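Residue numbers (our numbering), protein chains in the order written: chain A, 1 to 144; chain B, 1001 to 1144; chain C, 2001 to 2081; chain D, 3001 to 3081.
FYI, nobody ran anything at the bench for these hints, they're computed from the structure.
Owing to the predicted nature of the structure, the values given are computational and were not obtained by experimental measurement.
Among the clues, some could well be false.
What the hints assert, rightly or not - List of simulated lysine to aspartate or glutamate pairs, EDC-like, C-alpha gap at most 16 Å: (1) A:Lys121 - A:Glu83; (2) B:Lys1121 - B:Glu1083; (3) A:Lys121 - C:Asp2070; (4) B:Lys1121 - B:Glu1010; (5) A:Lys121 - A:Glu46; (6) B:Lys1121 - D:Glu3039.
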Amino acid sequence: MFQLTRAPIELAPLLSVVQRDSDGAITSFLGVVRNHARGRRVIRMEYHAYEPMAAALIEQVGRELEDRWSVKAAIVHRLGCLEIGEASVAIVVASPHRAEAFAACRHAIERIKAEAPIWKKEFYEDGSTWVEQEPGGSHSMPGG
Amino acid sequence: MFQLTRAPIELAPLLSVVQRDSDGAITSFLGVVRNHARGRRVIRMEYHAYEPMAAALIEQVGRELEDRWSVKAAIVHRLGCLEIGEASVAIVVASPHRAEAFAACRHAIERIKAEAPIWKKEFYEDGSTWVEQEPGGSHSMPGG
Amino acid sequence: MRVHVYFFASHRDVVGTDQIDLDLSDGCNVAGVQSLLAERYPRLAPLLGCSRASVNEQYCGSDRLLADGDRIAFIPPVSGG
Amino acid sequence: MRVHVYFFASHRDVVGTDQIDLDLSDGCNVAGVQSLLAERYPRLAPLLGCSRASVNEQYCGSDRLLADGDRIAFIPPVSGG
């Protein structure tokens, strides 16, 4: 399952999508909206995408994981308005062994953060701004 | 929440235990019972512990994560009889940033696998055996 | 030939619309579209410089030649995940 | 002094019980208990060699001195997680 959604993300259904009887390890990553960024208090977040391209990229990343590590993966990215604490992205990876499950999960979020045409707009008490970090800027101050 | 349990492990309650408004990343690891090991077909698994020592060790590992990476963690290890696909251990780590969440989660499962006085007994169609791997043996052929 | 150009995030705010069509002469490439946009929307020009081009939902270089009906976007630095 | 010794996993199967009490002379250490057990349960002896000792639920070295009431275990290679 590789998709964009406007509904709240639930982890449990993703676990059952990926898990096979031969798997001994399941890793997951949730990106969640936090209450501060760049020194400012954030009150909510809006996620916006170039939808067909973002959907294709997420599927491509999922296939990469499955080809490179022989894992089974699910990736869901949420769009629209999110409150503090809500998940913006979920990545779930099942594998016979844990090393591959951790490596693939980490790879997926790095690829999505670097490549997926998705933008967040941060809302503060007195305004809002699109977050459009320079590539590389996110390495010295990584967000979620 | 750092504990041993005989009940099936659910991930969702652990997520809500660890998540703070300042967190942007939540990683989790589930160890699950798989249907083969050491070249044999496994039909179920039994987990057994030196309970007071295992409980103390799990709590100690959780505190280590919180001290070293400033994350919030939950660790639950299940005991008793488990069917294929059931989770034997869950580790959930919340952090403002993802690098710490991944590092802490991985550290926790490595520490538990190396140190926690817990043993699994594998059941096959024609018998059973305690798994008592030599330390280091688990590195060349890591289990879940 | 006619191509479709899509705008996202801050670019959309600057341009005031999410999509325009452009009529191009044959042989035009992505860099040519970028120049046209920079001329038509001066406030967009500096933003285009730190964007990545895509054609038909695939990242591409600025020398990519265009065909009738192509969908073009200049992707601002992304912040999903 | 009297100490309590606990057995787990394959050790428990070999010994046939999960716990015994031992009466020791003062000054006895963990290595002394290991020798006593190896003598009393010959099939346990090789298993003790690849175990880690614990006293009162803490891993310790074999030179650890024991006190009345201590809880001792020889932890077989673990396989949890």
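Status of the hints after comparison with the structure:
1. A:Lys121 - A:Glu83: holds, 12 Å
2. B:Lys1121 - B:Glu1083: OK: lysine 1121 (chain B) and glutamate 1083 (chain B) at ~12 Å, within 16 Å.
3. A:Lys121 - C:Asp2070: Between lysine 121 (chain A) and aspartate 2070 (chain C) the Cα gap is close to 28 Å, so the pair fails against 16 Å, i.e. violated.
4. B:Lys1121 - B:Glu1010: Distance of about 23 Å is beyond 16 Å: violated.
5. A:Lys121 - A:Glu46: Judged against 16 Å, a Cα distance of about 5 Å means the pair holds.
6. B:Lys1121 - D:Glu3039: violated, 27 Å
Going through the hint list in order, the structure does not satisfy hints 3, 4 and 6.
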